[in-house]
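Q: Residue numbers (full-length UniProt numbering), protein chains in the order written: chain A, 1 to 698; chain B, 1 to 476.
It cannot be assumed that every hint is accurate.
Pair by pair, the computed Cβ-Cβ distance ranges are [to be verified]:
hint: 1; chain 1: A; residue 1: 586; chain 2: B; residue 2: 350; range: 57 to 67 angstroms
hint: 2; chain 1: A; residue 1: 223; chain 2: B; residue 2: 97; range: 53 to 63 angstroms
hint: 3; chain 1: B; residue 1: 75; chain 2: A; residue 2: 586; range: 35 to 45 angstroms
hint: 4; chain 1: A; residue 1: 654; chain 2: B; residue 2: 82; range: 52 to 62 angstroms
hint: 5; chain 1: B; residue 1: 85; chain 2: A; residue 2: 366; range: 52 to 62 angstroms
hint: 6; chain 1: B; residue 1: 92; chain 2: A; residue 2: 252; range: 47 to 57 angstroms
hint: 7; chain 1: B; residue 1: 71; chain 2: A; residue 2: 110; range: 48 to 58 angstroms
hint: 8; chain 1: B; residue 1: 79; chain 2: A; residue 2: 110; range: 48 to 58 angstroms
hint: 9; chain 1: A; residue 1: 290; chain 2: B; residue 2: 280; range: 43 to 53 angstroms
No wet-lab data here; the hints were simulated from the structure. Just so it is clear, CB atoms sit at the ideal spot from N, CA and C, and this is done for glycine as well.
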Amino acid sequence: MTAATTGRPSPAPATTATTDTHCPYCSLQCGMRLEGRRTTTVQPWPDFPVNEGGLCRKGWTATGLLGHRERLTTPLVRDRATGAWSAVSWDQVLDLVAERLRAVQAAHGPDGVAVFGGGGLTNEKAYSLGKLARVALGTSQVDYNGRWCMSSAASASTRAFGIDRGLPFPLADVEHADVVVLVGSNLAETMPPAARHLDRCRENGGRVVVVDPRRTPTADRADLLVQPVPGGDLALALGVLHLLVAGGHVDEEYVATRTVGWEAVREAVAAWWPERVERVTGVAADEVRALADLLAAGERVVVLTARGAEQHAQGSDTVLAWIDVALALGMPGRPYAGYGCLTGQGNGQGGREHGQKADQLPGYRLIDDPAARAHVAAVWGVEPDSLPGRGRSAYELLEALGTEAGPRALLVHGSNIVVSAPHATRVQERLESLDLLVVCDLVMSETAALADVVLPVTQWAEETGTMTNLEGRVVLRQAHRPPPDGVRSDLEVIAALASRLGSPVPFSADPEEVFAELGRASAGGKADYAGITYDRIRTEHGVFWPCPSSEHPGTPRLFADSFPTPDGRARFHVVEHRGPAEAPCGEYPLHLTTGRVLAQYQSGAQTRRVRDLPDDGAFVELHPLLAARIGVADGMAVRVTTRRGSLRVPARVVTTIRPDTVFVPFHWLGVNRLVNDALDPASRMPEFKVCAARVEAG
Amino acid sequence: MSGPAGARERLVVVGNGMAATRLVEGLVAGGYAGEVTVLGDEPVPAYNRILLSAVLEGTHAADALTLRSPQWYAEHGITLRTGSRVLAVDRDHGDVMLVDGTLVPFDRLVLATGAIPTLPPIRGLVRADGSLHPRVHAFRSLADCDGLLEAVPAARRAVVVGGGLLGLQVARALSVRAGLDVEVVEGGEHLLHRQVPAAAGAVLRRSLAALGTSVYTGARAVRLHHHGPAVGVRLDTGPVLDTDLVVLTAGGRPSTALARAAGLEVRRGVVVDDLLTSPTDPRVHAIGDCAEHRGVTTGFVPPAWEQAQLLAARLCGADVAHEGSRSVARLRATDLDVAVLGDPVHEPGEVVEVANPLAGRHARLVVRDGVVVAASLVGDLSRVGLITQHYDRGTVLGPTEPGDLLLPDPVAAPPVLPDDAEVCACAGVTAGAVRACASLAEARETTRATTGCGGCASVCASLVGRAGERQRAVVP
Chain A
1 MTAATTGRPS PAPATTATTD THCPYCSLQC GMRLEGRRTT TVQPWPDFPV
51 NEGGLCRKGW TATGLLGHRE RLTTPLVRDR ATGAWSAVSW DQVLDLVAER
101 LRAVQAAHGP DGVAVFGGGG LTNEKAYSLG KLARVALGTS QVDYNGRWCM
151 SSAASASTRA FGIDRGLPFP LADVEHADVV VLVGSNLAET MPPAARHLDR
201 CRENGGRVVV VDPRRTPTAD RADLLVQPVP GGDLALALGV LHLLVAGGHV
251 DEEYVATRTV GWEAVREAVA AWWPERVERV TGVAADEVRA LADLLAAGER
301 VVVLTARGAE QHAQGSDTVL AWIDVALALG MPGRPYAGYG CLTGQGNGQG
351 GREHGQKADQ LPGYRLIDDP AARAHVAAVW GVEPDSLPGR GRSAYELLEA
401 LGTEAGPRAL LVHGSNIVVS APHATRVQER LESLDLLVVC DLVMSETAAL
451 ADVVLPVTQW AEETGTMTNL EGRVVLRQAH RPPPDGVRSD LEVIAALASR
501 LGSPVPFSAD PEEVFAELGR ASAGGKADYA GITYDRIRTE HGVFWPCPSS
551 EHPGTPRLFA DSFPTPDGRA RFHVVEHRGP AEAPCGEYPL HLTTGRVLAQ
601 YQSGAQTRRV RDLPDDGAFV ELHPLLAARI GVADGMAVRV TTRRGSLRVP
651 ARVVTTIRPD TVFVPFHWLG VNRLVNDALD PASRMPEFKV CAARVEAG
Chain B
1 MSGPAGARER LVVVGNGMAA TRLVEGLVAG GYAGEVTVLG DEPVPAYNRI
51 LLSAVLEGTH AADALTLRSP QWYAEHGITL RTGSRVLAVD RDHGDVMLVD
101 GTLVPFDRLV LATGAIPTLP PIRGLVRADG SLHPRVHAFR SLADCDGLLE
151 AVPAARRAVV VGGGLLGLQV ARALSVRAGL DVEVVEGGEH LLHRQVPAAA
201 GAVLRRSLAA LGTSVYTGAR AVRLHHHGPA VGVRLDTGPV LDTDLVVLTA
251 GGRPSTALAR AAGLEVRRGV VVDDLLTSPT DPRVHAIGDC AEHRGVTTGF
301 VPPAWEQAQL LAARLCGADV AHEGSRSVAR LRATDLDVAV LGDPVHEPGE
351 VVEVANPLAG RHARLVVRDG VVVAASLVGD LSRVGLITQH YDRGTVLGPT
401 EPGDLLLPDP VAAPPVLPDD AEVCACAGVT AGAVRACASL AEARETTRAT
451 TGCGGCASVC ASLVGRAGER QRAVVP
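Isolated chain B (complex conformation) (with noise of 0.2 angstroms):
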C-alpha cells in the first residue's frame, strides 16, 4: 500500500497490548508494505496480560509473559516506542501528539488502547492529589502486579473488590501464594454475576468459602476508613472489613478518550464496521478491548486477536470481513474451575442444566436447536475440552446428548472373561486356552501368550490350571 505522496504508507498503532502485538504479528507474516511504528505507554515490551494472576499466584515467571521483544520490533523494521502515551491525535494534520510533544504523522491509525480498570465509587479511595490510597492496588498492568507483589509480604488480610473471573483469580492468587486471608466483595447478587447463573455462583460462593475466603454479595464498598497502617472497607449492608490490602478487580471500561476527543464516533466502545473501520474516517481502525463492533464491546483476548489477525490481513490486501467472535472465558486459578462458553445467563435457548452444590459442581448448558449456544460449567471440567469443540464448531447433538454430556460416563462392570474372550491380543489366544494350560511356562510354550507386548502376564497367570472355571478375572 502506499500513502498520498507514493509513499510507503504510514501505519501507527496506538496501543502495544495483546490486540496490537497480535495485529503487527499478523502484518509481519503477511507481508504488509507500509512503515509501522507501535505506540505503548507502558514502560516494558508486549507482555500476555491475561496472566498477570498467575505471577501473582507464582505460577507463572514474570518474564515468561513477554510476547515480544524489542529486538523482534527491530529485526522487522518496526518503530516500537515504549513508554510513550499518546496525548491526542488530529485526524486533520495526521498526526499523534505524544505526552512529551512529538509529533508522529500516520497515514491510517489502529486505535488498540485496551481498557482502563473501573475506579469503584468508593469515599476515600482516590487521594486529594488523584493518585489511588497507597494501600489499594489496581490489578490490570504489570506495574500494578508488581506493586502488589512489593506490598504483600507486610499483609496478612486482603479485601478484593469485586468478583468477576479476574477478582476470583486474585483472590485465590492472594491466598495461594501469601496465605493471607482474602474477603471478596461483589455487588451483584452472586458471584461471576455476568458471566454464570445464580445456582453457580452459589456453589462458587461455598467453594471459596471451603478455600478459607469469605464472599459478601450483594454489597457495595462505600467508605475507606484509616485505622492506622490498615484500613477499614465499609459495605453498604453494614460491615466495615479491617484489611491491609484492597485489590480492585471491579471490571474496566473501553478506553476511549483519545477517539472521543478525535472526534471519532464512541459510545461504549470506539464504533467500528464489520471491516473494522471507524464510520467516521476511514483511515482509522479500533480492534480488541476499546472496539464496540455491532454494539458489542469485550474484553476477553480470543475476539481481540480475531480482529487483530482479520484487520491484519485486510491490510495486507486480503478480503474478509468480521463476523463476530464466540467467546471462551475460563478462570484460572487453583483448586477453582471455571468455563464460561458464551453468555449463558441471557441467551436464548433450551436449558439443560446438572447441579451437585455439596460436591462444588454446577453445570448449564444451553441448546438451541441441538447446538450448545452458551454453557457455564463450575467445580467439574472434565468434559470442557469435548463440550468447547460443540460450542466452537457448532455440532447438532442429539435430544439427549446435551444431558448424556454432563453425566459421568457409566462405570463398567469387571470383566467376566468367558472361555472364548481374547486374553492375548498379540498371540490371538483365548481365556479357554490359557485355562487349559498347567503352567505360565506352558501357556507361553504352547499358546505363544504373553510372548508379545507382555501386558496380559498378569491375567494369564491368573487363568491357568483353572480349566473349566468361568471365573472372573480383573484386567489390569
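The following block holds chain A by itself, in its conformation from the complex (with noise of 0.2 angstroms):
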C-alpha cells in the first residue's frame, strides 16, 4: 500500500513546541504563532508583514475548536429509514462510498456524481479535488462555495485586466494612497487587522471612503461614508465617472496609453448627472460630487470592493464600473494605487485557481482551453480528451441535484451549504433528493447532518497546506499537532478514493507532493506556481504568484509596466444599472441585505462551538423611523419575511442603517432561507446582498 491509502497526516518536524502559521479563518490569513502540544495557545507573530501580530478574537481563540468535544473521530453512515447513525471503520466507509458513486454512475453516467469544494480548503485540498473530479470520477460536475464569494470581481476583473488576484500588490500598500474608496467591505469587522493600515493611510494624511448601506465600524472611522440603498453601488460608481469627465479629471494620456474602450464609456456616462444618480441610489447629489472631489484631486487612488458590491445579479457590472473609475484616473500600475478586491475566505483566492470551478483547471487555465487541457492533461498522465468540459456553476449545480438530468450523488469538502447558499429551503430539498450525500466535515455541521456518509477530517493546526491570502501572497499553514484518532486529511480521503474508484493515476495524500505537483500543473498558467516550495514560503514570509522558477522573486506588484490581456492594455466596459431583482413593493416594502459580524466567520460551523466567542444568534438591525413604524423596540422579536421564508429575531434598533433597510447577519441557519437566488449573468453569483423585505412585530 501507498502513503496515499495508509500515511497519517505528518505534522511538521517536531523539534520545538512552537509553530508559525495562519489563522484558520478569513483571507487575511494573518500570521500567528501555536505553542503546546497538549494545550495549545495562540501568541502573536509579529514579524509576518499583513497582520504584525495583530489578532481579532476568532484568531486568539482559534485553538477552541482543538480536541472540542463535538469533533467527529469516526465515520458514520445514517440508515435512512431511522435517520439513526452507526460508526463504521475507514476501510469500510471507503469502499461503500466507493461502491456507491460506481453505482451511481453506472446508472446516470459520469455527470450523475457532483463534487462541491469550498474557499476554505488548501490549494493543495482544492486541487486534488478538483483532479478528483476530472480524472477518477470523470465528471465536469465540480464547482464550489467560493462562487458564491468571489466570482463577480474574479469575472471582471479577468474581462477589465486579463487576470484575476484579489489584490494586485501588498495590502500595506494602502498607506501611501492618498484616497482608499471601500465599496461594500466592512473590513473593521470583517477582518480587523487589516484596518490597521487604513488608520495609517489616515495618519500619513490619505482619506478613507466608506461606501455601504450601513455606518459600519468601519465607516466610522474614514473620512466619507456614503450610504446607498442596497444594489445602488454601480449606479454611483456612474456617477462618479460623470463628474470626473465633466471636471475633465480623466488622466487621458493614461487612457489613451494603456486602456482599450474609454470613449463607449465616456458616452455612456453622460447620461448619469449626480441628482439622476440621487433618485436612483438615495445619496443626496452633494454626497456623489464630494466623492467625486476626493477621488479627482487624490495622485494616488485605491479603489477595493467587497461582498457588499460583488453579491448581486448586477455584481460583475458594479464591479466593472468602479474597474472604470481607476482606469479613468489612471490608478493601476501606478505605485500605491490602483483597484483591488478583498476576499473573503481563507483561500478565496487560492480556491479559485486551481481547478475545483466548474470552467477551469490548474493554473487559473480555462478547461474549454484545447492548450490547457494538454498541458494539465500530461502533467496528470491522463489523455487530453478523456477531461471532461465545463460544468454547472455552484448554485445551478445544487439546483439541478437529484433532478432527471441532475447529479444523484454529491461529495461535499469545506462547505456547510444548507446554512450559506442562497434560497437555502430549495437548496435543502436538493439535497434531500439526492441518492448519496457525502459530506467531509470536523464537526457534524447542519449540512453533514443531512448527510448519508460523514467522514471526520482533519482541521487547521492537524494538518500542512497551502493558502493564497488576498494579496495572491502564498503562505504555509503547518500542522502543529496530531490529529485525534480516527480522523484522516481531507488528502487522504481523496487519494482513497481516486485509488478505490479506479484511477488511472496515483493521487498522493502527502501536501508538499500534492504542492509540487500543482506546481508543474499551473507552470504557464496565469496563476504560476512553479516556482513556489515549502521552504521559500518559510523563509520569504510568503511568495506572491505568479512565481514561474525557483530564481523568480515572485510578483507582489502587478500592472506596472502592462496588463496580462492579448494588447497589454486595460480594458474599460460600458454597463448599466438594472438595479436588484427584486425591487421593493407594497408587500414586501423594504430591503433586506446581509452580512457577517466580527465574532462569527461564514457558516459559524467553526466559530458557533469556540466557547470564547459570543454567540448571540441572528438579529436584524433597524432603523428609529422603521422601528416605530412597526412598533418594535430595541430587542423585542420582529419577523422578518421575503418571498421565500420568513425568520423571527431580536430587534437591534440602530441609527446606523438606513431607514429602508434591515440588515441580518447570516452565520446561522435560515438567514439565507430568506435570500434571493437571482443569479449575475457573467458571474453566477447569486444576489446575497439585496431582496425585497417586510419587517412587523412578532
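Build the complex from these two chains, which are given one at a time in their own frames, with help from the hints.
A: Written as C-alpha cells, this is what we have:
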C-alpha cells in the first residue's frame, strides 16, 4: 500500500513546541504562533507583515476547536429509514462510498456524481478535489462555494485586466495612498487587523471613503461615508465617472496609452448626472460630488470592492464600473494605487485558481482551452480528451441535484451548504433528493446532518497546506499537533477514494508532494506557482504569484508596465444599472441585506462552537424610524419575511442603517432561506446582498 | 417588423434630444429590426440638455454633455442627420420634408421635437427681422449657451427673466462663474411658484439675497429700453433694471407646429394614448416634452425617458403600456438646494411642514394614506435620498414618520462606559478589564485589547489604571 491510503498526516518536525502558521479563518490569513502541543495557545507572530502580530478574537480563540467535544472522530453512516447514525471503519466506509459512486455513475453516467468544494480548503485540497472530479470520477460537475464569494470580482477583473488576483499589490500599500475607497467592505469587523493599514493611511494624510448602506465600524473610521440603497453601487460609480469627465479629471494620457474602450464609457456616463444618481441610489447629489472631488484630487487612489458590491445579480457589472473609475483616474499599475478586491474566505483566492471551479483547470486555466487541457493532462498523465468539459456553476449545480438531468450523488468538502446557499430551503430539498450525500467535516454541521455518510477530517493546526491570501501571497499553514485518532486529512480521503474508484493515475496524500504537482500543473498558467516551495514560503514570509521559477522573486505588484491581455492594455466596459432583481413593493417594502459580525465566521460551523466567542444568534438591524413605524423597540422579537421564507429574530434598533433597509447577519441557519437566488449573468453569483422584505412585530 | 412591401420598416425620428436618444438606445438594445433615421435640427450630436446650466457655471466641460457621437450611430446602422430641420410631415405620402427640400420616407414616425422657449411679451425684445435683441439670450440649446458664454466676459450685470428652476440655475451660474450682479424677475407671486409653496419661495428669495442676487416677484418685464451699450428692463411694478444681459428662462411650450400642420390631434402637446400613439394616425408616436399623455405635458427628463424606453420596447415587440410618471425635479445650482417631488402645491393630501426661514430651510411633505405623494425640500437635502426612495416606492409610513423624517436625528449623549461595556470588539474586552490594567502594555498582553484593528487604542489609553472609576470616556 502507498502512503496515499495508509499515511497519517505528518506534523512539522516537532523539534520545538512552537509553530509559525496562519489563522484558520478569513482571507487576511494573519500570521500567528502556536505554542504547546497538548494545550495549544495562540501567540503573536510580529514579523508577518500583513497583521504584524495583531489578531481579532476569532484568531486569538482559534484553538478552541482543537480537542472540542463535538469533534467527529469516526466515519458515520446514516440509516435512511430510521435516521440513526452508525460508526463504521474507514475501510468499510471508503469501500461503501466508492461502490455507491460507481453504481450511480453506472446508472446515470459520469455526471451523475458531483463534487462541491470550498474557499476555505488549502490549495492542495482544492487542486486534488478538481483532479478527483476530472480524473477519478470523470465528472464535469464540480464547483465550490467561492462562487458565492469571489466570482463577480473574479469575472470583472479577468475581463478588465486579463487576470484575477484579488489585490494586485500588498495590502500595506494602502498606507501610502491619498484616497482609499471601500465599496461594500466592513473590514474593521470582518478582518480587523486590516484596519491598521487604513488607519496608517489616514495618519499619513490619506483619506478613506466607505460606501455602505450601514454606518459600520469601518465607516466610523472613514473620512466620508456614502450610504446608497443596496444595489446602488453601480449607479454611484457611473455618477462618479460622469463627474470625473465633467470636471476634466480623466487621465487622458493613461487612458490613451494603457487602455481601450474609454470613448464608449465616456458617452454612456453623460447620462448619469448627480441628481439622477441621487434618485436611483438614495445618495444626495452633493455627496456624489464630494466623493468625485475627493477622487479627482488624489494622486494615488485605491478602489477596493468586497461582497457588499459584488453579491448582486449585477455584481460583476458593479465591479466593472468601479474598475472603470480606477482606470479613468489612471490608477491601476501606478505605485500605491489601483483597483483591488478584498477576498472573503481563507483561501478564496487560491481556491479559485487550481481547478475546483466548473470552468477551470489548475493555474487559472480555462477548461475549454485545448492548450490548457493538453498541459494539465500531461502533468496528470492522462489523455486530454479524457478530461470532461465545463460543468454547472455552484447554485445551478445545487438546483439540479436529484433532478432528471442532474447529479444523483454529491461529495462535499469544506462547505456548509444549507446555511450558506441562497434560497436555502430549496437547496435543502435538493440535497434531500439525492441518492447519496457524502460530507467531509470536522463537526456535525447542518449539512453533514443531512448526509448519508460523514467523514471526519483534520482541521487547521493538524494538517499542513498552503493558502493564498487576499494579496495573492501564498502562505504555509503548518501542522502543529497530531489529529485525534480516527480522523484523516481531506487529501487522504481523496487519494483513497481515487484509488478505490480505479483512477488511472495515483493521488498523493502528502501535501508537499501535492503542492509540487500543483506547481507543475500551474506552470505557464496565469496563476503560476511553479517556482514556489514550502521552504521559500517559510523564509520569505510568503511568495506572491505568478512565480514561474525558483529564481523568480514572485510578483508583489502587477500591471506596472502592462496588463496580461492580448494587447497589454486594460479594458473599459460600458455597464448599465439594472437594479436589484426584486424591487421593494407594497407587500415587501424594504431592502434586506446580509453580512457578517466580528465574532463569527461564515456558516459558523467552527466559530459557533468556540466557547470564548459570543454567539447571540441572528438579529435584525433596523432604524428607529422603521422601528416606530412597526411598533417595536430594541430587543423585541421581529418577523422578517421575504418571498422565500420567514425568520423570527430580535430587533436591534440602530441609527447606523438606512431607514429603508434592514440587515441580518448570515451565520445562522434560516437567514439564507430569505435570500434571493437571482444570479449574475456573467459570474453566476447569487444576489445575497439585496432582496425585498417585510418586517413586523412578532 | 416589416413595412408595407415586406421590406424593413422605415422608422423616422424627428428630434435628436434626450428623449430621441433614449429611444434609439432602446431600439438598439432591443434589437429593433427596422431602418432608423434620426433627424436633428441642431448641428451637434445629441447632448445632455439639462446640464447646460452646469456648462454655464463651469462645473461641466461642454464635451462632457455628448450623449452619443456620430460614430455610435454609424456603428449601429442608424442614419443620423444633424442640422436637418424638418419643414413638414406629409402623412398621405408617408414622408417628411427637410428644410433643404429632401424627402425622407417613413413607415412609422416618432415626434420627439421637445419644447421651444416661451418668449415673454416684452416690447423691444424682438427686432424687426424677428431675431432677438443682441443683449437678450434664450437658454435652451448648446448654441444658446455658447452665445451667452461669449457675452459674459463683457458684462457686469444680468437680468434673468423667469424664476423657475432653470432661471435660478442660470442666475446662480452667472453669479458663481462670472461674478455678475444678477437680478431675477418672476411674474408669479414667489420663486418656483409652480413647484413649491409660497413660504418655501420666500425662503429661497432670502437665500438668494444672502448670495447677492435680488429677486423681483409679482413683477413682469414689459419693455426693453436702450441705454447706449446697455439695456434697461422695465417692470410693470415700476422700476427699470439697467443691465448688460437679459436671459430668458420663462419656460417652454411643447413644439407642436409640425404635428398641427400634419393634421394630428394637438392640444397643449401632441396627443398620445397609453401606447404613445397618436389617436389620429397609428403610424405616428410622440414622446418627451412635445407629447401630451392623459392631459399632461411635462418638461422633465425622467418621464421623457420612461416614454422613450416604453416606446422602444413596444417597437421591439414587447407588450407594455404607459401609466404616467412620477417626477422628481432637482435644482442644480451651487449653494441653493431644492428638490421637488411631484406637485406639492396642488396634490391633495395632508400637509406636513417644517420651516426654519432663518436657517434658509423649508420642507413640505404631502401625505395620503401614509404615502408621500409630493414633497418640496428647500435648503436642507440631508434626507432627500431617503424621501425620494419612499416617494418612488410608495412606502406606507407610520403616523409620526413623515414629521420625524423632517427632523434631524436626535443628538446622542456622550457615552458613559460602565465596566461591562465592551471597548475592544476585536478581542472582546470590557472597559472594566482594561481599567484593571496598570498600563496599555499590560492591557495588550493580558487582555489582547488593541491587538486587532487597533481602533480602540485611544479609549483604552484613557481607561488603564483607573480601576473603580466609572468615568466618562468619549468613544472616538
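Q: Hints numbered earlier in the text: which of these fail when held up against the supplied structure?
A: 1
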